[in-house]
Structure formats: C-alpha cells, structure tokens
Amino acid sequence: MKNRKVGIVSVGLTKFMRRAKETPKELAYYAAKTALDEAGITRRDVDAAIIGSAPDAFDGVHQKHEYLTDGAGGVNLPTMRGYVGGGTGVFSPIQGWYSIASGMHDVVLVTTEEKMSSVLPSAQAAFNTIFDNMIERPLGPNLVWIFALEMRRYMETYGIPKEHIAAVSVKNKGNALDHPSAMLGQKLTIEDVLNSEVLAEPVHLLDISPVADGAVSFVMMSEEKIKEFGISLDDVAWVEGVGWNVDTTMWTNRDLSYPKYVEKAAKQAYTMAGQKDHSPETLRKWLSFAEPYDPFNYKELHHLEGLQLFEKGKAPLAAYEGVTARDGDFPVTPSGGLLGVGNPIAAAAGMKVAEVYLQLTGKAEKRQIPKDVTRGLAQAWGDLMQVGTVIILKGGRVE
Amino acid sequence: MKVRGTKLSHDEFMNKVISVDHHPEIEYAWATGIAISKFLEGLKQGKIYGAKCNDCNRVVCPPRIFCEECFSPMVEYVELPDTGVVNTFSLAYIRTDASRREKPEIPAVIDIDGTTLTPSGFLHLLDENISHDEIKVGMKVKAVWKPENERTGSITDIMYFTKMEE
Amino acid sequence: MLPKKRTMTDAPTHEVRGGFPVHYHYTVGIVGEIFFNGLKEKKLLAVTCDECSKTYFPPRMYCEDCFVELTDKEFKVLEQEGTIESFTKTYKDHRGDPLSEPYYLALIKINGADTVFFHKLVNVDEPKIGMSVKPVWSDSPKASLFDIIGFEPV
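Protein chains in written order, with our numbering: chain A, 1 to 399; chain B, 400 to 565; chain C, 566 to 719.
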C-alpha cells in the first residue's frame with residue numbers, strides 16, 4: 001500500500017525563555033492554539049494529538065505526556081508521546097507523518113514542549129542521570145564532559161582548528177537576532193567565543209546552547225484534508241522523507257568522531273524522498289538548506305557530515321568560510337538554532353522543523369533565505385549521543 | 400504569528416511569583432546484573448575483565464552477556480591488562496551542580512589494551528598531576544588502583560589512569 | 566540458545582546506590598497566580614467557558630474541550646460550600662509509615678463548579694458522599710493550597 005501524502009500546514013511557537021512564568025501546560029497551549037489558529041481550524045477538526053517532550057526530570061512532572069495532554073489539545077483523542085531524548089522534536093512530526101500516511105488519521109496536532117527552569121540546582125543535575133548508573137555515575141560526571149570528549153575526538157581525528165568550530169556560534173547566535181522566539185541572539189566574533197569561559201576543555205561557554213523553556217506545535221494533514229479545508233498550497237510544506245536510527249548505549253565503545261546513526265537516519269530519509277545519490281555535491285544542490293541539531297557548535301558540523309552534506313572533517317572549514325551563512329551557498333541553521341534561539345530540548349528540535357516550514361512557505365520574515373528555497377531538512381540528535389532523527393520537507397507547489 | 404511567553408528574572412522566578420517547591424526523596428539500589436557484577440568483582444581483585452563474542456570474535460570492554468551487533472550470547476570473559484590508550488579527554492572545570500573548579504578534573508575515555516576489532520573501553524579519570532601539555536589523544540596509560548583492602552567492587556577501585564613511562 | 570558453559574554468572578551480584586540529586590521549583594503559571602491569590606483573600610475563584618458553559622474550579626487558562634482561552638474572562642467568586650463526590654481515609658504517609666492520626670482526603674465539587682477539587686476533610690467523623698462541606702481557612706493565608714486547612718461539614 002502506498003503512503004498517503006502528508007503536509008505541515010501551520011506552526012505555532014512560544015518565546016524561548018530562561019525562566020517562563022507559564023506552566024508547561026500553558027506553554028503547550030500557547031503553541032498548540034497558535035498553530036490551530038494559523039491553520040484556520042479548531043480542536044474539533046483534530047483527529048489525533050502527538051506530544052513530544054524530553055526527560056520528565058526537567059519539568060519535574062512524571063509521565064509528562066499525560067500531564068501535558070489537555071494543554072496539547074489531546075483530551076479524549078488518540079494521543080501519544082514518542083520519546084527519543086533530544087531527537088524527540090523531529091521524531092514527533094515523524095509520528096504525525098506516519099499516523100496520517102498510514103491512513104489512520106487526517107488531521108494531527110503535534111506539540112513539543114520543555115520547561116527546564118523548574119529543575120534545581122541546575123539542569124546539569126538532571127542530565128547527570130543519563131550516564132551509566134553502575135560504572136559512570138560513581139565517577140561524578142556531568143553532561144559537559146561527554147560533549148567535551150566527543151568534540152576533542154572529532155577535532156583530533158580530522159585536525160580541526162577551534163576557530164572553525166567557533167564560527168558556528170558566531171553564525172547561529174547572529175542569525176537568532178532575527179528570530180522572534182530567540183533568547184540569545186548576539187553579534188559575536190570568533191575571538192569572543194574562543195575567549196569565553198572554559199567549562200570543560202575544549203568546550204567553552206559560548207560553544208553551548210542555553211537551557212530554556214518553550215513549546216512549538218504543528219498542524220499536519222493528509223492531502224485530501226488540505227483540499228477539503230481549501231488550504232492554499234502556498235501554506236503547505238510536504239513531508240518528503242523521514243528517517244531515524246539508534247546506535248548502542250555503550251558510547252565508550254563507539255567511534256566518537258562520526259555519527260554513524262545520523263548517516264543511517266539521513267540515508268533512510270533521502271531514499272524515501274527518491275534521492276538515491278548521496279554524494280555531498282548532489283545533496284547540497286537537491287536541498288536548499290538544512291537545520292541540523294546544534295546544542296553545541298561542533299555538533300552542527302558533526303551532523304552536517306553525518307547527513308552526507310559535507311565530507312568527513314570538511315564541514316568546519318565551510319562554516320568558517322561562510323558557505324553555511326544564511327546568504328551563503330548552502331545556508332545552515334538560518335533560524336539561529338539552539339545556540340541562538342535556545343534549547344528547550346524537544347521544543348528546540350521542533351523549532352528547527354518549524355523553521356524549515358517557515359522558510360519553504362516564505363514566512364521566515366527577516367530570516368528568509370535570500371534565494372528560492374524548494375526543499376529543506378531538519379535533524380535532531382539525542383539519548384546518550386546515539387539517536388539521529390531526520391525529516392525532509394518540500395514546498396507546497398514543488399513537484 | 401504571535402509568539403507568546405512571560406519571561407521572568409531569576410529574582411522574580413525564585414521570590415516574586417507564586418511557586419511550589421518539591422524535593423523528591425527517592426534513592427535507588429541497582430543490582431549490577433550478570434556482566435557488570437563480574438566487571439566490578441574483577442576490579443576488586445585488581446583485574447579488568449572484557450567479554451568475547453564467538454560469532455564476530457571481538458573482545459569488548461566493559462563486558463556484557465550479549466553482543467549487541469551479532470545479538471548472540473557472549474561465551475566467555477577475558478582478563479585484560481590494566482593498560483590502555485587515551486581515546487579522548489577533557490579538562491573539566493564544571494561540576495554537576497554547575498559550580499566551578501579551580502583545578503580541573505580530567506575525564507577520559509580509555510581504550511583498554513587487548514580489546515579487538517575496534518578498541519573499546521570506559522569512562523574514567525586521568526591523573527590530575529600529569530602536566531596538561533603532556534596529555535594527548537593516543538597517550539598510553541595504566542590504572543592506578545586503590546590499596547587492595549580499600550577496594551569495594553566499584554569503578555572507583557581504580558583511582559585514575561596515569562601516563563605510562565615510555 | 567544460551568551457552569552451555571555457565572561461567573558467565575560466577576560473580577556475586579554487587580549493588581550500586583544512587584539518588585536523583587535534583588529538586589524542583591514550579592511556577593504556578595498565569596492562571597495559577599489568579600487562583601492562589603484568590604485563596605489568599607479566602608476566595609474560591611472559578612472561570613467559565615462561554616462555548617460549553619463548563620465552570621472550572623480550580624480555574625484554567627483554557628477550556629480543555631473547546632480549546633478557547635479563558636485568561637481574559639471574568640473570574641467569578643464561588644460560594645464557600647460544596648459536596649463530597651468521593652473520599653478515602655489514609656493511614657500511611659508517602660513513605661509507607663503509619664500515620665499517628667489517619668485523615669480523610671476527598672474530591673469536593675464546589676457549588677457552581679463542574680470540576681472537582683482535591684483536599685483534606687477536617688472535623689468529621691463519618692463523611693458521606695453527598696455531604697455538604699465548607700472550607701476551613703488558615704488565619705495567615707499566603708497564597709498556598711494550605712490556606713485552606715481542610716473542608717468540614719456544614
């Protein structure tokens with residue numbers, strides 16, 4: 001049986017904030033209601049709701065999906081939460097895709113949410129519990145360690161200078177100045193990044209995205225329903241490919257210099273979208289831009305390589321030379337990313353999918369890429385550095 | 400599109416708006432299972448154990464009772480030397496509660512000698528007294544153990560790994 | 566099939582202990598502020614959805630059914646009386662230790678509300694479903710759930 005065609009018809013975002021007054025449910029409501037209003041429909045038109053939220057330990061509410069259900073518009077509907085750590089925000093619209101593509105539902109409301117300010121003394125303390133409870137936690141690790149270790153291995157393997165990685169922070173925090181949800185848009189220089197406080201060498205403060213509170217929602221529909229509601233194709237981005245992949249939890253047994261799981265997820269998505277040639281040159285022409293996951297600046301580069309958009313070890317120089325600037329040959333993270341807009345985990349990846357939608361429908365305002373964009377990719381990453389989730393969207397009128 | 404949300408300062412968040420505090424009082428007792436029990440028992444005896452897969456023939460560390468690639472059962476433990484190679488490391492100035500340290504601790508992934516196909520190992524700490532300039536990816540290191548009577552069957556029975564003399 | 570040699574299980578089981586070293590500071594949110602400030606003034610504030618006429622107590626930002634926003638509606642003061650919808654007597658604390666004084670917890674529908682409120686019962690020997698109850702207020706309310714000490718028979 002052939003999959004049905006599925007489109008995203010609207011998005012809704014809250015501000016991303018270090019500390020929000022709203023409860024997690026209230027944040028979810030803002031995003032979900034905005035998305036419904038933007039689509040011109042009501043909750044009565046919705047067949048199913050999907051909730052994406054990362055570890056319960058941040059909001060401090062157990063079974064966060066059932067807690068969020070009413071705010072996410074899911075009361076008395078087939079509502080569910082899929083959970084793949086930091087990869088969740090891209091996985092949630094993938095779930096939306098398959099519940100519609102399969103023929104099960106026609107209109108799905110997808111909401112991604114995180115409220116990280118609730119957890120004290122810091123989000124680090126909750127992140128700490130991702131480490132192995134028996135042979136790692138007794139060593140007193142914190143989350144930054146793991147990224148410092150991966151970043152060093154990546155730099156060492158390919159001989160990458162720190163300046164090239166720092167260029168990603170400059171670009172993304174700069175792009176975020178144009179994002180209405182952003183909490184950390186900044187005009188910076190590479191020196192500012194290199195001279196910022198050392199947290200765990202080689203990771204400095206400005207290499208990291210800020211923890212945040214926020215929510216992002218989508219309305220997704222079958223092609224038939226889009227016609228029935230009379231929604232203009234100018235407001236639609238079609239889901240063309242999806243992919244996800246999980247590597248082993250035994251992260252100390254993996255090649256830390258290359259995210260193989262992102263490669264596998266990406267190839268699944270490209271193949272589904274009919275793109276058989278996975279060479280970087282072809283893919284960069286085929287896609288107009290990308291929104292890879294950037295909780296740390298080196299991760300954007302790591303992911304661009306896993307996504308096959310650059311050769312191994314080659315993404316850093318491209319970032320440094322401006323290839324990935326919003327007005328560059330291949331724009332990457334025009335939104336400002338997690339580094340600039342903020343990192344409310346599941347909602348942060350949701351924001352990336354929203355950016356692809358907004359760019360493809362020409363609604364990205366000051367962030368609009370200054371060329372025709374027909375096709376974009378969003379990717380997220382998570383669990384114990386082991387999950388890749390990928391979604392490819394194309395413009396509503398693109399054949 | 401309207402983007403909503405009410406930002407609070409730290410003071411407003413902690414002291415001004417109405418809030419509810421919760422201190423979970425939970426503790427966990429994890430039984431270490433089959434393979435990690437062997438690993439920890441080995442550490443108590445001053446030994447590092449890995450495990451061997453009979454299908455793909457690789458030796459991995461830490462040990463497990465199944466090979467996650469072949470999905471066949473591991474058939475034997477292998478005693479490995481207490482030496483290895485630094486896969487990667489960091490100089491960490493930040494604690495779990497986000498407070499800062501003057502002198503960094505040095506977490507590292509150590510690939511244990513004797514693991515095969517692809518090197519594998521575990522997270523541990525490097526000797527804080529090694530000069531920072533000397534620490535390199537690829538550096539050969541050796542475990543420094545707690546005195547035998549202080550070992551409890553814990554990952555901390557190895558105090559840290561230190562640089563091996565050339 | 567598992568290997569015949571059972572040499573894999575020869576080590577004694579160890580135990581590793583650990584906690585979850587976090588605590589939480591929850592803001593009560595936009596409508597939570599209205600509700601808790603009401604309690605501080607010894608008022609039970611509720612909000613009604615215009616579309617389905619459902620009255621929420623405690624009040625909410627939105628009608629969970631119609632999904633319309635209620636924040637800008639007029640929050641009305643309910644009368645200080647309700648009925649017991651259900652109740653239970655609790656003999657143990659959250660650790661499972663016996664309570665020196667077992668107490669009642671109840672679901673109470675305040676008159677005029679369509680939703681129930683969860684709180685303690687006080688000054689009652691034998692509660693009954695349908696019994697009329699009213700709040701017993703603290704002398705020093707501070708915008709907390711415990712500004713109401715409990716509900717007692719009318």
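Each hint should be verified, as a subset may be incorrect.
[As the list claims (entries may be wrong)] Pair ranges (Cβ atoms, derived):
#1 B:Gly537 <-> A:Gly362: 16 to 22 Å
#2 B:Lys401 <-> A:Trp286: 30 to 36 Å
#3 B:Asn414 <-> A:Met272: 48 to 54 Å
#4 C:Trp702 <-> B:Lys406: 45 to 51 Å
#5 C:Lys605 <-> A:His62: 27 to 33 Å
#6 C:His588 <-> A:Lys187: 35 to 41 Å
#7 B:Thr551 <-> A:Lys285: 31 to 37 Å
#8 B:Arg500 <-> C:Pro718: 42 to 48 Å
#9 A:Asp327 <-> C:Lys707: 37 to 43 Å
#10 A:Lys371 <-> B:Glu468: 41 to 47 Å
#11 B:Trp429 <-> C:Lys657: 22 to 28 Å
#12 C:Cys631 <-> A:Phe229: 49 to 55 Å
#13 C:Lys605 <-> B:Thr551: 49 to 55 Å
#14 C:Asp690 <-> A:Thr42: 55 to 61 Å
[As the list claims (entries may be wrong)] Chain C residues, not near chain A, derived (Cβ > 12 Å throughout):
#15 His579
#16 Glu580
#17 Gly584
#18 Pro586
#19 His588
#20 Gly594
#21 Glu606
#22 Lys608
#23 Met626
#24 Glu634
#25 Lys641
#26 Lys674
#27 Gly677
#28 Val701
#29 Pro706
#30 Val719
[What the hints assert, rightly or not] One side of the interface only, derived from the structure: several residues of chain A facing chain B at Cβ under 7 Å:
#31 Thr14
#32 Arg19
#33 Lys21
#34 Ser122
#35 Gln124
#36 Asn128
#37 Met134
#38 Ile135
#39 Ala148
#40 Glu156
If you are wondering where the hints come from, they were derived from the structure by calculation, not from laboratory data. Given the structure is predicted, the values throughout are model-derived calculations rather than measurements. A virtual CB, placed ideally from N, CA and C, is assigned to each residue, including glycine.
To see whether the hints hold, each was checked on the structure:
no. : hint                              : verdict
1   : B:Gly537 <-> A:Gly362: 16 to 22 Å : 50 Å, violated
2   : B:Lys401 <-> A:Trp286: 30 to 36 Å : 34 Å, holds
3   : B:Asn414 <-> A:Met272: 48 to 54 Å : 52 Å, holds
4   : C:Trp702 <-> B:Lys406: 45 to 51 Å : 34 Å, violated
5   : C:Lys605 <-> A:His62: 27 to 33 Å  : 29 Å, holds
6   : C:His588 <-> A:Lys187: 35 to 41 Å : 37 Å, holds
7   : B:Thr551 <-> A:Lys285: 31 to 37 Å : 59 Å, violated
8   : B:Arg500 <-> C:Pro718: 42 to 48 Å : 60 Å, violated
9   : A:Asp327 <-> C:Lys707: 37 to 43 Å : 55 Å, violated
10  : A:Lys371 <-> B:Glu468: 41 to 47 Å : 44 Å, holds
11  : B:Trp429 <-> C:Lys657: 22 to 28 Å : 26 Å, holds
12  : C:Cys631 <-> A:Phe229: 49 to 55 Å : 19 Å, violated
13  : C:Lys605 <-> B:Thr551: 49 to 55 Å : 53 Å, holds
14  : C:Asp690 <-> A:Thr42: 55 to 61 Å  : 49 Å, violated
15  : His579                            : 8 Å, violated
16  : Glu580                            : 10 Å, violated
17  : Gly584                            : 9 Å, violated
18  : Pro586                            : 5 Å, violated
19  : His588                            : 5 Å, violated
20  : Gly594                            : 3 Å, violated
21  : Glu606                            : 21 Å, holds
22  : Lys608                            : 21 Å, holds
23  : Met626                            : 5 Å, violated
24  : Glu634                            : 7 Å, violated
25  : Lys641                            : 21 Å, holds
26  : Lys674                            : 19 Å, holds
27  : Gly677                            : 21 Å, holds
28  : Val701                            : 28 Å, holds
29  : Pro706                            : 22 Å, holds
30  : Val719                            : 32 Å, holds
31  : Thr14                             : 4 Å, holds
32  : Arg19                             : 4 Å, holds
33  : Lys21                             : 4 Å, holds
34  : Ser122                            : 4 Å, holds
35  : Gln124                            : 5 Å, holds
36  : Asn128                            : 5 Å, holds
37  : Met134                            : 5 Å, holds
38  : Ile135                            : 4 Å, holds
39  : Ala148                            : 3 Å, holds
40  : Glu156                            : 4 Å, holds
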